[in-house]
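Student: The lines below spell out each chain.
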Amino acid sequence: MTTPLLAVRDLTVQFRTDAGWLTAVENVGFELGAQETLGIVGESGSGKSVTALSLLGLHAASTTRLPTGSIDYAGQNLLKLPERAMRRIRGGEIAMIFQDPMSSLNPVLTVADQISETVMLHQGLDRAAARKRAVGLLDMVRIADAAHRVDAYPHQLSGGMRQRVMIAIAIACRPKLLIADEPTTALDVTIQAQILDLLRELQAELGMSVILISHDLGVIAEFARRVMVMYAGRVVEAAPSRALFRQPMHPYTSGLLAAIPPLDHDVTRLSTIAGSIPDPARRIPGCRFSPRCAEVEAACRETAPDLVTVGAGHLARCPPRLHRMAAP
Amino acid sequence: MTEAPAEFLAPRRRFQVLRRLARHRSFRIGFVIVVLLTLAAIFAPLITSFDPTAMRARIRFRPPQEAYWFGTDNFGRDVFTRCLYGARLSLTIGLGVALLSGVVGTAAGIVSAQFRRLDAMIMRLMDGLMAFPAIILAIGLAAAMGPNIGSLIVALSVAYIPRTARIVRASALVVRELEFVDAARVSGASSLRIIWKHLLPNCMGPLLVQLTFVFAYAILAEAALSFLGIGPPPPAPSWGNIIAEGRDQAVDAWWIMFFPGLAISLATLGMNLLGDGLRDVLDPRLKVET
Amino acid sequence: MRMLRRLLLRLGQAIPVILVVAVLAFFLMHLLPGDPAAVIAGPEAGAEAVERIRRQLGLDRSIPEQLLVWLWHLAQGDFGTSIIHNQSVLQALADRMPVTASLTLVAFAMTIPIGIVLGVAAAKFRNTWVDSAVMLMALIGVSVPGFWIAILSVILFSVTLGWLPASGYVPLSEGVWPWLRALIQPAAMLALFQIGFLARMARSATLDVLDQDYIRTARAKGVSEWRTIAKHAFRNTLIPVVTTTGIILSLLMGGSVVIEQVFAMPGVGRLIVQAILTRDYPMVQGTLLALAFLFVAINLMVDIVYTWVDPRVRYD
Numbered sequence: 001m002t003t004p005l006l007a008v009r010d011l012t013v014q015f016r017t018d019a020g021w022l023t024a025v026e027n028v029g030f031e032l033g034a035q036e037t038l039g040i041v042g043e044s045g046s047g048k049s050v051t052a053l054s055l056l057g058l059h060a061a062s063t064t065r066l067p068t069g070s071i072d073y074a075g076q077n078l079l080k081l082p083e084r085a086m087r088r089i090r091g092g093e094i095a096m097i098f099q100d101p102m103s104s105l106n107p108v109l110t111v112a113d114q115i116s117e118t119v120m121l122h123q124g125l126d127r128a129a130a131r132k133r134a135v136g137l138l139d140m141v142r143i144a145d146a147a148h149r150v151d152a153y154p155h156q157l158s159g160g161m162r163q164r165v166m167i168a169i170a171i172a173c174r175p176k177l178l179i180a181d182e183p184t185t186a187l188d189v190t191i192q193a194q195i196l197d198l199l200r201e202l203q204a205e206l207g208m209s210v211i212l213i214s215h216d217l218g219v220i221a222e223f224a225r226r227v228m229v230m231y232a233g234r235v236v237e238a239a240p241s242r243a244l245f246r247q248p249m250h251p252y253t254s255g256l257l258a259a260i261p262p263l264d265h266d267v268t269r270l271s272t273i274a275g276s277i278p279d280p281a282r283r284i285p286g287c288r289f290s291p292r293c294a295e296v297e298a299a300c301r302e303t304a305p306d307l308v309t310v311g312a313g314h315l316a317r318c319p320p321r322l323h324r325m326a327a328p
Numbered sequence: 001m002t003e004a005p006a007e008f009l010a011p012r013r014r015f016q017v018l019r020r021l022a023r024h025r026s027f028r029i030g031f032v033i034v035v036l037l038t039l040a041a042i043f044a045p046l047i048t049s050f051d052p053t054a055m056r057a058r059i060r061f062r063p064p065q066e067a068y069w070f071g072t073d074n075f076g077r078d079v080f081t082r083c084l085y086g087a088r089l090s091l092t093i094g095l096g097v098a099l100l101s102g103v104v105g106t107a108a109g110i111v112s113a114q115f116r117r118l119d120a121m122i123m124r125l126m127d128g129l130m131a132f133p134a135i136i137l138a139i140g141l142a143a144a145m146g147p148n149i150g151s152l153i154v155a156l157s158v159a160y161i162p163r164t165a166r167i168v169r170a171s172a173l174v175v176r177e178l179e180f181v182d183a184a185r186v187s188g189a190s191s192l193r194i195i196w197k198h199l200l201p202n203c204m205g206p207l208l209v210q211l212t213f214v215f216a217y218a219i220l221a222e223a224a225l226s227f228l229g230i231g232p233p234p235p236a237p238s239w240g241n242i243i244a245e246g247r248d249q250a251v252d253a254w255w256i257m258f259f260p261g262l263a264i265s266l267a268t269l270g271m272n273l274l275g276d277g278l279r280d281v282l283d284p285r286l287k288v289e290t
Numbered sequence: 001m002r003m004l005r006r007l008l009l010r011l012g013q014a015i016p017v018i019l020v021v022a023v024l025a026f027f028l029m030h031l032l033p034g035d036p037a038a039v040i041a042g043p044e045a046g047a048e049a050v051e052r053i054r055r056q057l058g059l060d061r062s063i064p065e066q067l068l069v070w071l072w073h074l075a076q077g078d079f080g081t082s083i084i085h086n087q088s089v090l091q092a093l094a095d096r097m098p099v100t101a102s103l104t105l106v107a108f109a110m111t112i113p114i115g116i117v118l119g120v121a122a123a124k125f126r127n128t129w130v131d132s133a134v135m136l137m138a139l140i141g142v143s144v145p146g147f148w149i150a151i152l153s154v155i156l157f158s159v160t161l162g163w164l165p166a167s168g169y170v171p172l173s174e175g176v177w178p179w180l181r182a183l184i185q186p187a188a189m190l191a192l193f194q195i196g197f198l199a200r201m202a203r204s205a206t207l208d209v210l211d212q213d214y215i216r217t218a219r220a221k222g223v224s225e226w227r228t229i230a231k232h233a234f235r236n237t238l239i240p241v242v243t244t245t246g247i248i249l250s251l252l253m254g255g256s257v258v259i260e261q262v263f264a265m266p267g268v269g270r271l272i273v274q275a276i277l278t279r280d281y282p283m284v285q286g287t288l289l290a291l292a293f294l295f296v297a298i299n300l301m302v303d304i305v306y307t308w309v310d311p312r313v314r315y316d
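So the protein sequences, as listed, match chains A, B and C.
For what it's worth, my numbering labels the leading residue of the first sequence as 1, then goes sequentially.
For what it's worth, my numbering labels the leading residue of the second sequence as 1, then goes sequentially.
For what it's worth, my numbering labels the leading residue of the third sequence as 1, then goes sequentially.
Treat each hint with caution, since some may be false.
Unchecked claim - Taking lysine-lysine pairs in the DSSO-like style, the calculated list, with each CA pair at most 30 angstroms apart, reads: (1) A:K176 <-> A:K132; (2) A:K132 <-> C:K231; (3) C:K231 <-> A:K80; (4) A:K176 <-> C:K231; (5) C:K124 <-> C:K231; (6) C:K124 <-> A:K80; (7) A:K176 <-> A:K80.
Derived from the structure by calculation, the hints contain no laboratory data.
Only a predicted model underlies this, so the values are computations on that prediction, with no experimental measurement involved.
Can you build the whole structure from these sequences, using the hints too?
Tutor: Here it is in structure tokens:
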């Protein structure tokens, strides 16, 4: 295997809260090759967005302890990179789109302003050229009447269109890596599919790697070749999506799979996982999923399980299930 | 924000609020300042043996010294004593204005929110009052009603009622739209009961914050009015009229006007700090970072 | 155009406020305990003088009748006449307004940039010594009585150091520098409270904005920290700040009453205080009303500026 585009090792991120230091992400690691797609799935609070923000160094300095571990991108550790160099990477090499296109665009600036800013900044285009590029980018994200829409303010656009504008901003400098943090969650179902299609097409066209973050395993499955499942700040399972769907090796993954509505017939009742994600301030001894796990055993509550290889490229953090698989 | 408003009065939550207040630095400083000033005002006769109004020609214009901490004025009165007794007047007026404008403002705001037909009328009246700069309105009213404490309190209250009414109305309107209030209404609860059980408790936080600031403004405004000669008349000391009287000697006997000004600043600072603390803890919309 | 429609709508909303203000000012006179004519005439006046004032002010008519007359006169631009100087309220105001307007506007010109810069800086450097220092200054600014600090300032800068005039007003017609020199100290003292007020407000507005998703977007684009503040945060911060400028102007003009007294400036504030001390109630009533009208007008203007700052309002 060649050197990956991105390699994250032992990433740990802590926040300061009223109740002391809180670990939002603990020892997360993964690799991503050029033009590959990785899906990160988990409930809100699982640490998936925090992981993504760490890649760009976007945490508030005042409340975040310096993340530990390493994020190797193109031969440099992003966590050690000075702010100036990091700024060249942000928006230029690694771009990001966010969940809520309503609030992610600046309400007092026009679409043209917000797109041109990126290309003026990273590619040194002048105002007129940047504006022309903005129109071209709006075309690329399939916004009709781009020459006219470019002068609109965000509140004059629909939610789907705003997310397209966000995507246009993100791909403006042809980044090598695009991080999409719940890009469709705030949108209507029909728009969701369009946005995912658009992302897929742009990925092929521009040859980007993509990290897609979602709480919806269905969305991930459709999009990503590899999937990483996070729970309460830790990776609980990572596998090629096909293997993950065929043989989930963690009860949490199974729960997420059961919660996907099947496409071929209507269901009256969807399976859900009992309970909710634990309060990050509360320390849970042993396996963090144990309080909600249907297959919990006594040992689960005592020692925290390690992430172990269970198959080809397949890692999981659930010894009981592994034992059961191994000894039928 | 769908937080159940009655929670504000629930004992556990109330305890939490108190604990967070006790941990809030500016609240603690403000609290100490205000308590000390209040105690000083109440126990003025025990703290000083001088008479605030007795004139003694032999000891005029004494600079600050051991016997007269803040010096004496042109009538030989002890400035420290006058400041202490002045605290009574200033704090009484501050409290009076906070209470009166609080009660009337709350009533106006609640009525506006609950009885929508009166809303436009009440709010236009408030807009009208707000069009006058507060201090100028107070000057006009105080002048019309005559120079005494009561009219000063009323005048300043009228000036601050509109803001209080607006804040209360806004908070009440938020709860009014919540489901459990609808439920109460549908199940036949009377307007009065809805106001008492649901609207009022939810307004308490923002109201308390507002009234602390009104208290602070009132102290400043009383001083300004007294300075202009529209406050409580001398010889009874108020912080404002001590400054006004000492002004002509400000160059030669700076202490006469300096110390009462310091007292005003301290009292206002204390109330402002209290208000900042209350706002951080009680008003979730204005949540402030750690 | 939509903006014009919004302006007309606002104008329409201002009319009831103007009416309410007029009626309130009318009743101010009737708050006087006892017989207003006797109070105005003063304790030494004879029955004849009281009667003369009563007739002069129309107090011999019924209250509704008086109110209608008052409104009728207002509609014709008659705000009343002083009973001391035999000068119309508007004439007196016109004589004094340049002083107060100069004072208020210079103070305003100091307040807005200083207050905003301090507030934004405090937010940018939150939880650092910059933040603490700015907020402490702002807190002192809103806690210290302006007239007191003004007297202290006069002792320091005018009496001791002799740098600035201790009192008086120099009209603009005598040159910009003499005018400004006379104004700089009183305006600074007047602005002190408002600067503190605005800095606190601008800080919390900026903190709000800095928490918004679009700021994160800007950072994710690789925009520098300062540019993020200057371009992406600042205009959004201005939106709530602009709405308070009306209040700030109003408070500045209110405060000028006291500051004019300290610096012996012949402005509207002194006019009002003088009128109160000489029981010239028609003058008090007329000036208060004129000031209130001025504020309704200022708030309309603020509304227009607001439309310009926030595109969401411009197009809705």
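Student: Are the hints correct? Go through all of them and say.
Tutor: Checked hints:
Taking the CA atoms of A:K176 and A:K132, the gap is about 22 angstroms. The hint holds against a cut of 30 angstroms. Of the pairs offered as hints, the one joining A:K132 and C:K231 holds, with about 21 angstroms between alpha carbons and a cut-off of 30 angstroms not exceeded. Pair hint C:K231 plus A:K80 holds up; C-alpha atoms about 28 angstroms apart against a cutoff of 30 angstroms. A threshold of 30 angstroms between alpha carbons decides the hint, and for A:K176 with C:K231 the separation of about 27 angstroms falls inside it, so the pair holds.
A hinted pair counts as satisfied when its Cα atoms are at most 30 angstroms apart, and C:K124 with C:K231 qualifies at roughly 14 angstroms. In summary, the hint linking C:K124 to A:K80 is supported, as the alpha carbons are separated by about 24 angstroms, within the 30 angstroms threshold. In summary, the hint linking A:K176 to A:K80 is supported, as the alpha carbons are separated by about 20 angstroms, within the 30 angstroms threshold.
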